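Produce the complete structure using the sequences and hints provided.
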Amino acid sequence: MKQLWTNGTIYTMEQEGSTVQAVLVHEGEIIETGDFNQLREKADEIIDLQGAFMYPGFVDSHLHMIGHGAKLMRLDLTQAKSGKELLELVQNATSLLEEGQWLIGDGWNENQFIDVQIPTIEELDAVTDRPIYLNRVCHHVALVNSAAFQLAGITNDTPDPEGGKLGRHKNGELNGLLYEQAMNLVSSIFQQEGESYIDSLQHYLQLGIEHMQSYGLTGGHTEEMGYFGHYINPLTAYQRTVGDKKHFRVNLLRHHTVFEEMIKNNAPYDEPFIEPGAMKIFADGSFGGSTAALLEPYANELDNKGMLIHTDEQMEALIQLARKYDEAVAIHIIGDGSMEQVLTYLEKYPVNKGKRDRLIHCCLVSEEQLARIKKLSVILDLQPAFVTSDFPWIREKLGENRSGHIYAWKTFVEAGLMCAAGTDAPIEAISPFETIYAAVERKKPHDTHDGYGAAQKLSRFEAVKMYTVGSAEAICKENERGYIRPGYDADFTILDKDLLHCTAEEILQTTALKTVVAGNVVYKK
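Anchor point for the sequence shown: position 70 equals 70 in the UniProt record's numbering, and the numbering is continuous, going up by one each time.
Be a bit skeptical, because a hint or two may be false.
Have a look at the derived ranges for each label pair, beta carbon to beta carbon [unchecked claim]: (1) 210 with 81: 16 to 24 Å; (2) 511 with 92: 49 to 57 Å; (3) 260 with 48: 48 to 56 Å; (4) 270 with 34: 26 to 34 Å; (5) 505 with 525: 38 to 46 Å; (6) 347 with 45: 50 to 58 Å; (7) 100 with 26: 28 to 36 Å; (8) 511 with 96: 40 to 48 Å.
Hints in this document: simulated from the structure, not taken from any laboratory.
It should be emphasised that the depicted structure is a prediction, and the values quoted were computed from it without experimental measurement.
Even glycine gets a Cβ: it sits at the ideal position worked out from N, Cα and C.
Rendered as structure tokens:
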């Protein structure tokens, strides 16, 4: 059956302001666009947009979908405004736990605490003897109590793992903080096997997808094949949740620890709804945890340049491994120190034609590094909401005179670099409208200033393009997704607001009316 979508503003994203009157869809594909009167006779069904605004399907270019769904069920710590409030939330929640149950929380951020003080392990132990695991908002640092350490077999004599660090008091005793790879020493306890575990992953995944669809998202590029026991656990959850329903488009980045095994085992996907993605590598940590790798020390910690997750030899070997299988890499890079390491090996081992490497976050880039990036086949995978989350405290971390481009989305766009937009959910809110607002305003909704680094504000078109064209370019699918054109997938985001012309406040008030994947309405308000 041929459907004709019409009677709204239909943005093709081919050029700024480019629209068509009608879109003819057949079997999940756009077959014609143009004048309503010329297309109406070819249609079996006319779908009235009733004045709504239609865009190519919005796709979150970087997130953790199972983690996002899990966060919806975990203790929300994002609103804690002090260490005391965090402890109160923990105490109230542990009183509801069943015997033997862990308390897992998400989202604490000491930079929004009145006293900027993280609770100590002694304070946590005074609140509860139940095991607790509390993710910092960045998910590069966690806070646990003695009960958790005991179950994980961690003592004061436990050495730091490679690529991580156990937080300690000045006397050398554990203080409850886990940095980077040290988090796995405790979080690995949660990993299980079997049907009941896969069922729980399916539940998280379905919750996450439904939440994303309610914001008009038609797909996401996600990374979690290395976090839930054997990769077959999360992969099976995707096959049963997305593959069976075919109601979402997922690109699965493959963590470097499972990348080769998945290839050798011919891990099954379900294209074009579940697609294999690049090899995912973490090069460094986060600014919030002071673990992002810098060329010069942190302004407020002159003995700290952050940390590289991998040695130079290890990073080189990982990129060589990806190239062995003719695959791109997708690398988490926050600081200019990690960017320096990564660029060295991307230049030495360029990706083959038809592929693009993905540089994720790119929060601090030197001028010299920017010139080198422009010569590579890469796309920058950016998270505009980091600006509103990280300012103003990031100035204390980096200093007012730090050289380089800081959260410089406009500079990247004007340099001609391909850019995609994502949220890194569960790190940031999943709403594309909050992300677009952050990209064009670079401030919190009620701030009265002109924006943090106002010269780096994106235009409305540039911000929306990152969610549509950019996300398609990130996986080399720009010839079939990202635009409303004949021959392209019929994935649409239908909204009640004109994001290109409404007020800034209205961006945040935008509501998704319908979400369409392969011509099928998968969400309707």
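Violations among the numbered hints: 1, 2, 5, 7 and 8
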